[in-house]
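Single-letter residue listing:
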Amino acid sequence: MSDNMVKIIIDDVEYEVPAGMNVVDAAKWHASNDIPVFCYHPKMEPVGMCRMCLVEMGTLQRNPETGAVMTDEDGNPLVRWFPKLQTACTQVATDGMVFRTNTQAVVDARENVLEFLLTSHPLDCPICDKGGECPLQNLTMAHGPGESRMNFSDKMKLDKHVPLGDLIFLDEERCIQCGRCVRFQDELVGDDVLAFHERGRTLQIITNSDPGFDTYFSGNTTDICPVGALTTADFRFGARPWELTEVPSIDPHDAAGSNISLSVRLDRDFGGRAMIKRVMPRQNEYVNELWISDKARFGHHFTRSEDRLQKPVVDGKDSDWATAISTIAGLLEGADGDIAAIAGSGMSNEDLFALRSLVTANGGKRLGAWPTTHTGADLVAAVGVGVGTNLSDLGAGDAVLIVASDLEEEVPIWRLRLKGAHDRGAYVVVANARKTRMDDFASATPRYQAGKAAHWLDGIDKADPEVAKALKAAQNLVIVAGAEGLTLDGSRALMQSAANFLIDSGHYGKANNGLMSPLPGPNGMGLHYVGFTPEVTADIAQNPPKVLIVAQAEILSDDPYARAWLDKVETIISLNLFPDAVADMAAIALPIQSFAERDGTFTNGERRVQRFYTAQGPMGDALPAWQALSRISEHMGQGKAKASAAAVMVMMSNELPAFEGMRYRELSRTERQFPDISGDDMYYGGTAYQNKGGLGKVIPTTAEQGETPARADVSLPPVLEVGKGQFVVLPATRLYNLESTFRPSTLVHPRIMSPFVEVNAADAARLDINNGDVVEVKLPDVSVRVRASVNGGAPEGALVLPRHLTDDPTPMTVAVGEIAKV
Amino acid sequence: MANPLADKYADRIQKHMSKYPDKRSAVMPLLYIAQEEYGWLSPDAIVQVAEICEMDPTQVKSIAGFYTMYRESPKGKYWLQVCTDLPCALKGADQFHHDLLAHLGIEEGGTTDDGMFTVEHVMCLAACDRAPMLQCNFGYVENLDMDKMKELLDKWRKEAEAYANAD
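Chains as they are written, first to last, in this note's numbering: chain U, 27 to 848; chain D, 58 to 224.
Some hints here could point you the wrong way.
[Claimed, not checked] Cross-link-like lysine to any residue pairs, in silico, SDA-like; alpha carbons within 25 Å at most:
(1) U:Lys183 <-> D:Glu93
(2) U:Lys186 <-> D:Leu182
(3) D:Lys80 <-> U:Lys186
(4) U:Lys461 <-> D:Glu164
(5) D:Lys80 <-> U:Lys33
(6) U:Lys183 <-> D:Glu164
(7) U:Lys183 <-> D:Glu165
(8) D:Lys80 <-> U:His448
(9) U:Lys183 <-> D:Phe123
(10) U:Lys181 <-> D:Val179
(11) D:Lys80 <-> U:Gly451
(12) D:Lys80 <-> U:Phe222
(13) U:Lys183 <-> D:Gly167
(14) D:Lys80 <-> U:His223
(15) U:Lys594 <-> U:Leu805
(16) U:Lys183 <-> D:Thr125
(17) D:Lys80 <-> U:Lys594
(18) U:Lys33 <-> U:Phe142
(19) D:Lys80 <-> U:Asp466
(20) D:Lys80 <-> U:Ala470
(21) U:Lys461 <-> D:Pro114
(22) U:Lys461 <-> D:Glu111
(23) U:Lys181 <-> D:Glu164
(24) D:Lys80 <-> U:Leu805
[Said to hold, decoys possible] In silico negatives: residues of chain U with every beta carbon more than 10 Å from chain D:
(25) Thr92
(26) Asp236
(27) Gln501
(28) Leu582
(29) Thr640
(30) Asp739
Source of the hints: derived by calculation from the structure; they are not laboratory data.
Yeah, the Cβ is synthetic: ideal placement off N, Cα and C, and Gly gets one too.
Chain U on its own, in the form it takes in the complex:
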């Protein structure tokens, strides 16, 4: 907010507000005066369409010579009133503005606007999903006419079930044409697939795109819709808002760590247990503002999937915890310390700590992180974005470099927020071997050869001197470095190059500067802080241990080459939500709870440790992983099992410096956030929920703790040798895929691409491959049959092969392969 404050008078009281602040916002934030709105949304440009925010407005009369405010005989300031009411949302605060929001004229205006909106609004509140949390309902109660003068037979009869896409339905009768959804798509998302059609009384929201309303953010429009016109396929007719309990949680799908609210109720469909009925965004202006991706919103079904592992399995037979624990204790004792663990990023910080404790107490040293695609979390810990970073602060004069990442598919919320940075004037560079969606919101899009991201960034001064210069000159610089098209060594080299760049230009150790990485899963940084690294996983693969604990890492579903070395492990102990292929190989498979059934913390890509709370009833005998693991420890006489996740965190905060001061009470602190969506005025911010579960706490970078980050030499990975007729095969991430935590969300299945490989047009022409042909992609020891897609998405000499679109794993990292028409 601006430092330049001005004085405005609202209802005879003077307030100091920042110059240029929107008057609706100013009245709410500074004067606690809720001017009602429908079309205005604090995150979007005002349009003044709904006329609900009409107020009396005037300016103080000043003596033209002295500039002093003129007063009447009683000493009250003289005000030059505008002859008509003004829309508060289209006014910005300037010195000497006077508003009245409670006069008869304003009261009448509000009543009349509501009466007008209600002329053709259906009276189906009793069956409307929004009923109970509906801005139109609430404002009608507060400001509307008591009874209707309208003739009901004149009401318009329109289509009430228009599918705008697979996930969002429009009820044309309920729509009041505020245009929030249209503007959200246009201004914030940059996919203008919604628009008004016709005008006047026949105006409607339409989509004429193919596919229709199908962006990764479509669900947010249902939150900001001030009526029940837009509803999700997931929740419509699912429950009434007043039956739901809101449980604060964290999106378990990506590194953004979006704050979500799980709406639960005791449900017949789930045996009377607490069931997630819908997922709503929870305000955290540092993380996800008021938005969540559709994957976060619609990807909750896995928590109650029938396929979940429900009982401990010992030697292929259903068993119980006592047997499983004593068997595991025996196995660990017999391992002579040759124990290792590989953990996935679905594990909470507490789970990881319990796993670490168990392994190290029994003589094991090796803690591996899964997947082995991204590394460099240690560099994020050293020169990551500083405490207080808010991507919404990035604007003119600042720069962002996104390299080797398809951000739309990997961390959609970051893509949404960085698009905003671009709109505000930031210099956004998207460097990749291929075209990605983020290119549409970039100031520059340098291309490097497939597989050579690290080479490019290391030599950026020569390759793209102008880009390098602009990045260095920026006031603030954030680098988002992924691992697309790289091996693990390549990822290390890229991350080191990025760190070096930041160190050289001094963009580290402070807010809005530093390194971020779209590490897979919700807790990639947690893995690092508790001591799990992908390099160790590579070492485990080279030298398999006697006993390997695999926790929430679906190694065989991810990696086609893993079976070879997993076979060499004598005993596998598996902890997972689902009975996957690793669990099949395991001597013991333990059922653990998903994020929804227990509490814990995740550390997001910006190193923010955030709490999630118990929402859903348990599945079978599953336990939280930390509990299962610490009960094993207890059984082996290595300390008493902890009673709660909070107690594990207390122990962690004592033992691991990174988690110092991260006790649950600290993590659940909140503060007043702008825009203030608290209270019952959902008309202002939509049904995104006020944050009552905590904003979390950021682990400071080592640079901020006084350690000077060391520049290190980059060891560039060898250039891939591509023979004649061969291609560089780039594995790509698709947001909607068949991973076990998303597959059960069947309503999104129509949106999951069928397996394909993207081929460059020139290569396709040479090989006589047409769009849609079935082709075979041959890689070392693996071959997959997929459809060819020739749509400009692949650079010449490269194939883009998305992962997790079939049950057959495809390579996780860049490889060399061939393609042939079948």
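Based on these hints, arrange chain D on the given structure of chain U.
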């Protein structure tokens, strides 16, 4: 994807495009070209215009829907818009409109079976002094009565026939 409009009207499209800094600014004249070609703005025509202007088809559809002179449903070759606002009505436009519909045997907004005429009533066309009047496609025909109208209808039928035979 094939884009017949872009091929057939390349010169005219280029001429319109050259007037604006952005391609999308030329969307309205291009919609008229499409309407000329197909007689109405079919879903396919909308997609073609969207492609040429590099816009989302939703936005093009929205523009076509907002303005009344774009046809979003097939209409007759001759689209007769009769003004029936107050000054015209005082000079008998209502009756004229009624008679015209009866003569052609269609309802308000309907099209004759041979696909030749569509009749609609519209708001003021700013030719009150020459009422009754109508707008045929985009040209004004003024000072009408039913006798004159019948002659015109015959004339237009013949014109259309001649045009069809010339092809």
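To see whether the hints hold, each was checked on the structure:
1. The hinted pair formed by Lys183 (chain U) and Glu93 (chain D) fails the criterion: a straight-line CA distance of about 34 Å is larger than 25 Å.
2. Our distance criterion of 25 Å between C-alpha atoms is broken by Lys186 (chain U) and Leu182 (chain D), whose separation comes to about 36 Å.
3. A distance of roughly 36 Å separates the Cα atoms of Lys80 (chain D) and Lys186 (chain U); the hinted pair therefore is violated under the 25 Å criterion.
4. For the suggested pair Lys461 (chain U) and Glu164 (chain D), the alpha carbons sit about 54 Å apart, so the restraint of at most 25 Å is broken.
5. For the suggested pair Lys80 (chain D) and Lys33 (chain U), the alpha carbons sit about 45 Å apart, so the restraint of at most 25 Å is broken.
6. The hinted pair formed by Lys183 (chain U) and Glu164 (chain D) meets the criterion: a straight-line CA distance of about 22 Å does not exceed 25 Å.
7. Distance check on the hinted pair: Lys183 (chain U) and Glu165 (chain D) sit about 21 Å apart at the alpha-carbon level, within 25 Å; holds.
8. The hinted pair formed by Lys80 (chain D) and His448 (chain U) meets the criterion: a straight-line CA distance of about 22 Å does not exceed 25 Å.
9. For the suggested pair Lys183 (chain U) and Phe123 (chain D), the alpha carbons sit about 21 Å apart, so the restraint of at most 25 Å is met.
10. Between the alpha carbons of Lys181 (chain U) and Val179 (chain D) the distance comes to roughly 23 Å, so the proposed pair stays at or under 25 Å and holds.
11. Annotation: proposed proximity of Lys80 (chain D) to Gly451 (chain U) holds, straight-line Cα distance about 23 Å (limit 25 Å).
12. This hinted pair checks out: Lys80 (chain D) and Phe222 (chain U) have alpha carbons roughly 21 Å apart, not beyond 25 Å.
13. Proximity of Lys183 (chain U) to Gly167 (chain D) is assessed by CA-CA distance (about 22 Å); at most 25 Å being required, the pair is judged to hold.
14. Restraint check for Lys80 (chain D) and His223 (chain U): the C-alpha separation of about 22 Å stays at or below 25 Å, so the hint holds.
15. Proposed proximity of Lys594 (chain U) and Leu805 (chain U) is supported: the alpha carbons are some 23 Å apart, at most 25 Å.
16. A C-alpha spacing of about 23 Å is found between Lys183 (chain U) and Thr125 (chain D), which places the hinted pair at or below 25 Å, so the restraint holds.
17. Between the alpha carbons of Lys80 (chain D) and Lys594 (chain U) the distance comes to roughly 62 Å, so the proposed pair goes past 25 Å and is violated.
18. Proximity of Lys33 (chain U) to Phe142 (chain U) is assessed by CA-CA distance (about 35 Å); at most 25 Å being required, the pair is judged violated.
19. For the given pair, Lys80 (chain D) sits about 16 Å from Asp466 (chain U) by alpha-carbon distance, which is consistent with the 25 Å threshold.
20. With a C-alpha separation of about 21 Å, the suggested pair Lys80 (chain D) and Ala470 (chain U) falls inside the 25 Å cut-off, and the hint holds.
21. For a cut-off of 25 Å, the pair hint linking Lys461 (chain U) to Pro114 (chain D) stands: about 22 Å separates their Cα positions.
22. Pair hint Lys461 (chain U) plus Glu111 (chain D) holds up; C-alpha atoms about 17 Å apart against a cutoff of 25 Å.
23. Between the alpha carbons of Lys181 (chain U) and Glu164 (chain D) the distance comes to roughly 24 Å, so the proposed pair stays at or under 25 Å and holds.
24. Annotation: proposed proximity of Lys80 (chain D) to Leu805 (chain U) is violated, straight-line Cα distance about 44 Å (limit 25 Å).
25. For Thr92 (chain U), the requirement that its beta carbon stay farther than 10 Å from each beta carbon of chain D is met, with the minimum near 48 Å.
26. The Cβ of Asp236 (chain U) sits about 7 Å from the closest Cβ of chain D, inside the 10 Å cut-off, so the non-interface label is violated.
27. At roughly 30 Å from the closest C-beta of chain D, the C-beta of Gln501 (chain U) stays outside 10 Å, upholding its exclusion from the interface.
28. Listed as a non-interface residue, Leu582 (chain U) keeps its Cβ farther than 10 Å from every Cβ of chain D; the least gap is roughly 41 Å.
29. Listed as a non-interface residue, Thr640 (chain U) keeps its Cβ farther than 10 Å from every Cβ of chain D; the least gap is roughly 42 Å.
30. Non-interface status of Asp739 (chain U) relative to chain D is upheld: no Cβ of that chain comes within 10 Å, the nearest being about 45 Å off.
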